[in-house]
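Kindly produce the complete structure, drawing on both the sequences and the hints.
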Amino acid sequence: MATMRLDPRGFFHHSQPSTAAILAFCACFIDVVCIVGLFHTFTAFITGTLVVLSTDLFQTPESAPLKLIVLGDFFLSTLGWYALVIRMRRSGRGSLRMLLLLEAGLLTSFMLIAALSAPLAGPLAIATVAAVTLSTFAMSLQNVVMSEILNFHAPTTIMTGNTIRLVSGLVDGWRASEEVADNARHRVRRHGRVIIAFTAGGLIGGYCMSQIGFWSLGVPVGLITLVGLAQPQEPLKAEKA
1 MATMRLDPRG FFHHSQPSTA AILAFCACFI DVVCIVGLFH TFTAFITGTL
51 VVLSTDLFQT PESAPLKLIV LGDFFLSTLG WYALVIRMRR SGRGSLRMLL
101 LLEAGLLTSF MLIAALSAPL AGPLAIATVA AVTLSTFAMS LQNVVMSEIL
151 NFHAPTTIMT GNTIRLVSGL VDGWRASEEV ADNARHRVRR HGRVIIAFTA
201 GGLIGGYCMS QIGFWSLGVP VGLITLVGLA QPQEPLKAEK A
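Going by our numbering, the residue at position 91 of the sequence shown is 91; the numbering climbs one at a time, nothing skipped.
Calculated from the structure, these hints are not laboratory results.
The beta-carbon is built from N, C-alpha and C at its ideal position, and this holds for glycine as well.
One or more hints might be untrue.
Stated by the list, open to error - Label-pair distances were calculated between CB atoms; the ranges are:
1. P17 to P235: 18 to 28 Å
2. A121 to I86: 33 to 43 Å
3. T55 to A118: 17 to 27 Å
4. A127 to L79: 19 to 29 Å
5. L203 to T55: 16 to 26 Å
6. P17 to P61: 37 to 47 Å
7. G72 to G161: 21 to 31 Å
8. F11 to E62: 41 to 51 Å
9. T160 to G94: 41 to 51 Å
10. R185 to P65: 18 to 28 Å
11. L203 to G161: 40 to 50 Å
12. L76 to G105: 16 to 26 Å
13. A127 to E148: 24 to 34 Å
Encoded structure:
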């Protein structure tokens, strides 16, 4: 009788599907907190920010500058994170563990500033801008990590693309040969688990925010810290020529 063996690298190792699911959970959790607590602001992906900015310009113009700050923060911080990853690869210093713990540190600072300043005075209050900036820096870092280091996983903030891949996997699985069907089933599982985790993060984030406010960010901070600490202290692999 065959026995099931646990992967020695652990449940939270970056090679495991659970890593993408946890990061997707955290991404939606954080964005829900930002929407509820930071004047309908998205910090995990640009699409939402552009949509809300377009609405704010005509409905609540006093909130529009905050969305422009997010766009600027996201663009500049993404440039910085890409440069950091390239430097880390070339120098052989730094690790995925360090990047994830840095993300957790930024989110911790966001939580403390927002929670201790609540209720926030307005969209352009110093505490609001600081909280939004820290959250944007953290989530742009997660996007760069997923794009450059963990790109063998499904994206953790782009659910439209994940849904398309899931549906295409379902369609291919219905009409394909056995070999292609296996690949299609893998695609469905890969993208489906991330979508489910993302949705769960949003629902739980909304509930927690309604109960304990910005202190609810302790949930994603704890999860990302746990994932970060589970990674080996090894340098990032150099890009293939």
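Hints, verified against the model:
no. : hint                     : result
1   : P17 to P235: 18 to 28 Å  : 24 Å, holds
2   : A121 to I86: 33 to 43 Å  : 39 Å, holds
3   : T55 to A118: 17 to 27 Å  : 24 Å, holds
4   : A127 to L79: 19 to 29 Å  : 26 Å, holds
5   : L203 to T55: 16 to 26 Å  : 23 Å, holds
6   : P17 to P61: 37 to 47 Å   : 43 Å, holds
7   : G72 to G161: 21 to 31 Å  : 25 Å, holds
8   : F11 to E62: 41 to 51 Å   : 45 Å, holds
9   : T160 to G94: 41 to 51 Å  : 32 Å, violated
10  : R185 to P65: 18 to 28 Å  : 47 Å, violated
11  : L203 to G161: 40 to 50 Å : 21 Å, violated
12  : L76 to G105: 16 to 26 Å  : 19 Å, holds
13  : A127 to E148: 24 to 34 Å : 32 Å, holds
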